[in-house]
Amino acid sequence: MTVRDALAEITRHLGDEVCVASNGYMSRAAFGARDSEASFYMIGSMGLASSIGLGVALAKPTRRVVVFDGDGNVLMNPGALASIAAAAPANLLHVCLDNGAHASTGGQRTISDRVQLDALARAAGYRWVGRVETAAALAAEAPAFVEREGPAFLLVKVALGPDGPPGARIPFTPVEMTARMRRALGAR
Amino acid sequence: MNDSVTPASFVDRLVAAGVDFFTGVPCSLVGGVIAELERRRLYFGELREDAALGVAAGAYMAGKLPLVVMQNSGLGVSLNALGSLHLLYEMPALLLITWRGYEGKDAPEHLVMGAVLPRLLDLFEIPHRAPDPAAALADVDWAVGRMCETRKPVALLVRPGLFG
Chain D
4 MTVRDALAEI TRHLGDEVCV ASNGYMSRAA FGARDSEASF YMIGSMGLAS SIGLGVALAK
64 PTRRVVVFDG DGNVLMNPGA LASIAAAAPA NLLHVCLDNG AHASTGGQRT ISDRVQLDAL
124 ARAAGYRWVG RVETAAALAA EAPAFVEREG PAFLLVKVAL GPDGPPGARI PFTPVEMTAR
184 MRRALGAR
Chain A
20 MNDSVTPASF VDRLVAAGVD FFTGVPCSLV GGVIAELERR RLYFGELRED AALGVAAGAY
80 MAGKLPLVVM QNSGLGVSLN ALGSLHLLYE MPALLLITWR GYEGKDAPEH LVMGAVLPRL
140 LDLFEIPHRA PDPAAALADV DWAVGRMCET RKPVALLVRP GLFG
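If you read the protein sequences in the order shown, they are chains D and A. Last residue of the first sequence? That's 191 in the numbering used here, and every number before it is there in order. Last residue of the second sequence? That's 183 in the numbering used here, and every number before it is there in order.
Just so you know, the hints here were simulated from the structure itself, not pulled from any lab data. Keep in mind it's a predicted model, so treat the numbers as computed, not measured. By construction, the Cβ of each residue, glycine as well, lies at the ideal position given by its N, Cα and C atoms. Errors might be hidden in some of the hints.
Unchecked claim - Partial list, computed: chain D residues near chain A (C-beta under 10 Å):
no.: 1; residue: Ala-90
no.: 2; residue: Ile-173
no.: 3; residue: Thr-181
Claimed, not checked - Covered stretches of chain A (chain D as the covering partner; in silico rule of three or more C-beta atoms under 8 Å from a C-beta of chain D):
no.: 4; region: 73–84
no.: 5; region: 100–108
no.: 6; region: 129–138
Sequences are here, hints too, so could you generate the full structure?
Structure, rendered in structure tokens:
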């Protein structure tokens, strides 16, 4: 199961959820899987997708928020696990697609083979934490996961690759992305 | 500074100007402001300044007008978030930054950042003022007006003694 396979499986269960994708490979793969007005693609600020998702979840408790994170991003800002668990927004779902590598910069290994990120989320105090390692296990969990009370953390172990870009470049400018998310969330 | 502005009047002015989401990482120079925000249940304490900026960015997209409190040491932590999130995506945030190391009078860990703080903000083209107590409330209006107009961060620098 690749990042793209995993995103395709999860996103087919989504409706009007706000989606926040972490930078680089993840954003392009997420855009390729499914786009909506309420999708935000973070192109810089590595580590902060989870914090951005937390901000949306706190400010808009009536909307459910899904963060698509990677192992490199979670490891860069692990404090966000603590912050999210402490704030305990019921409307926040946090998915970590763990390929064990910095895929955007050439596949250099991270340390997620030795540090289990789902265990970190559990220790931090997420309401629900799960881990799936196969496409079948993800297919079984995904419909339940998107309905869970947050904060919920799902670690999906994925294979690195395939080679080449994971999807088209995001066609929106950053300023357009801000504007369309604000429209989607009814900001004046 | 002989005079000072009270945390309560400062927070009143922020709220009146439309700021409705408060996050950040504390500094003793704004301890009273944070206490006032907490008393009103308006403050979401974060763990790192760049994470606070991420939360503020999310809150802005959800319709809030955010303020991020930080010590100037935290501005160093925040530069990538400012450069590749707020400035790039045009997201306003009122940065309430304490000026440790002001005029070289502080503990040694604050001296380098204290000396370069305004120049660092200039480099990032983030408008900033370091108000005297008499100007603090008017400068809140300036900062909020400017960030709404430009949709980019604006900084108010808190020198020692501003809040007594």
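Hints not upheld, ascending by number:
2 and 6
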